[in-house]
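Peer 1: Chains Y and F, in that order, give the protein sequences. Numbering-wise, our numbering puts 126 at position 126 of the first sequence, and it's gapless, one number per residue. Numbering-wise, our numbering puts 305 at position 305 of the second sequence, and it's gapless, one number per residue.
Honestly, the hints are just simulated from the structure, not real lab data. Treat the hints with care, as some may be off.
[As the list claims (entries may be wrong)] Restraint ranges, calculated between C-beta atoms of paired labels, are given here:
| id | chain 1 | residue 1 | chain 2 | residue 2 | range |
| --- | --- | --- | --- | --- | --- |
| 1 | F | 70 | Y | 47 | 24 to 34 angstroms |
| 2 | F | 318 | Y | 47 | 47 to 57 angstroms |
| 3 | F | 196 | Y | 22 | 26 to 36 angstroms |
[To be verified] No more than 25 angstroms apart at the CA atoms, straight line, and that leaves these computed lysine-lysine pairs for DSS-like:
| id | chain 1 | residue 1 | chain 2 | residue 2 |
| --- | --- | --- | --- | --- |
| 4 | Y | 97 | F | 373 |
| 5 | Y | 103 | Y | 140 |
| 6 | Y | 97 | F | 281 |
| 7 | Y | 119 | F | 373 |
| 8 | Y | 97 | Y | 64 |
Beta carbons are placed, not taken as given, at the ideal position from N, Cα and C, and that holds for glycine.
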Amino acid sequence: MPNDMNKPPSRRGFLDLILALGTFITTVAVAIPGLMYLWPAAKGGGPDKVEVEGASNMAPGQGKTIQVGSQAVVVVRHRGGFKAYSAVCTHLGCLVKWEQSSKSFLCPCHAAVFDENGKVVSGPPPAPLPEFVVKEIGDKVFVSAA
Amino acid sequence: MGLGKSVKQFFDDRFDTKLAAELFTKQAFKRLPPRTGWLHVFGSLSLLLFISQTITGIMLLIYYRPTPEAAHKSIQYITAEVQFGWMYRQIHAWGASVMIMAVIIHMIRTFFMGSYKKPRELTWVTGVILFILTITFGFTGYLLPWNQIAFWATTVGTESANKVPVIGDWLQYFLRGGDAVTGETLSRFFVVHVIILPWALTGVIAVHLFLMRLNNLATLERVDEEVPLKPEHGIPFFPVHVTKEGVVAVLLLAVLVTLAVVYPWEIGEPANPLETPPHIKPEWYFLPSYQLLKYFEGTYGALMGIIGCSVPFVLLLLWPFLDRGKERHPKKRPLAVGFGLFGLLGAMFLGYLGHISETEQTFFGKRYHITLKGWPVPLDDATDEAPPKH
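For reference, chain Y alone in the conformation it holds in the complex:
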């Protein structure tokens, strides 16, 4: 009502407002540190740049699963060099395996197939496998996130 709005607040009403605001601020002040405590602390699963051990001994067509940061990555040696893709299936997070015979990545959970470039060939995944950066220095191979 416009008339009610024009009335000056009573002392009791003002105190009630202060009390409500105080309760709200105290609740927020207590809740924020609690929520921040529950939020996961940033913690890497390992170094973001990783050397592929035994890379020089891998035959063309052979693949290997390694860990880069907190991610599992499949490194495959092709005739032209090394390529690396995330091993985490973009469907529901299972780890794909490199199938040397069919030159494809196969997800054991829902039978998804990705080609050698990480693109979806069949199955439910909504997106290709993300590619990782590979650097070959001498006979050493390093993999890092793009």
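Since the structure of chain Y is already known, use the hints to place chain F on it.
Peer 2: Frame of chain Y; chain F shown alone:
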């Protein structure tokens, strides 16, 4: 004055013990409707299983270690070294499945008898919350042995969380305690499983029981036309119904011990974050959702799948407010009963498809490969295991 009398006097001097005794007597000898029978014991059975899970869970906690390095080993230790450790572990593992089954049967009875209708809508809503809490118990407890199946089932389960619109990535990160399922996830699931859920369940059970006692059990009479129960017509809760519950409790113990001995749960291989085992499947109570998710593909498919899996739970919560008809008798509620049967049979069918998917099955003497989506593909003779006939 004897010791008993002294103790009684001590309490009488300090509290209104007469009122407390009256309240207790009223509840203990409360009259239940005449048709209260064996189908009405599944609620108490669920409560009994919760008590059993709490006791066996506390026993397991004495030796269990919630870290990736020690969790699997501690389960092995409980099973192989601790006296009767195998039994408590098996009863706890089987108890989870049996408890979910008891809750589902209890809900089926309540649904088909129309007991959720006015004035018991909130009793039903708290019951659905108890059901959701119970399966969350199953989900969080499944990871604790830290074996391959548990690890990857949790990976798949928590991966589904990031398909939730807008907050999906945050939700998944929060649930896992990081990007992937790690020791942080184990800690979080452990705390939820042994602290948060037991207290949450205890609180909601208290409200559920209070509401149930307040309104008494439903009859098949029409809404707002329930005739107040005459004391001489009802069944006394004690000793008649309590005796039935006692019989069920003894049978339950026999069933749990038999399952524990005859079909023991395997410990499995320790979790390996760098290798996913083939054809992982969730527990039976998640199979319908697991199968349903397979039919939604592509960018928006996952979102549709999450919505599809959430709708049944939302419908269950809102059902008493959607079905506002006066009738309770199942024969007079063909639409609601048909809808319930459709949902129930649909869930069972999806669950069965999920169970047999990616396996080979024989139907009418012919072998089939059941695809991921549950379609049967006939196997040719070359792949048939039966020896060729000459």
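Peer 1: Among all the numbered hints in the text so far, which are the ones the structure does not match?
Peer 2: none
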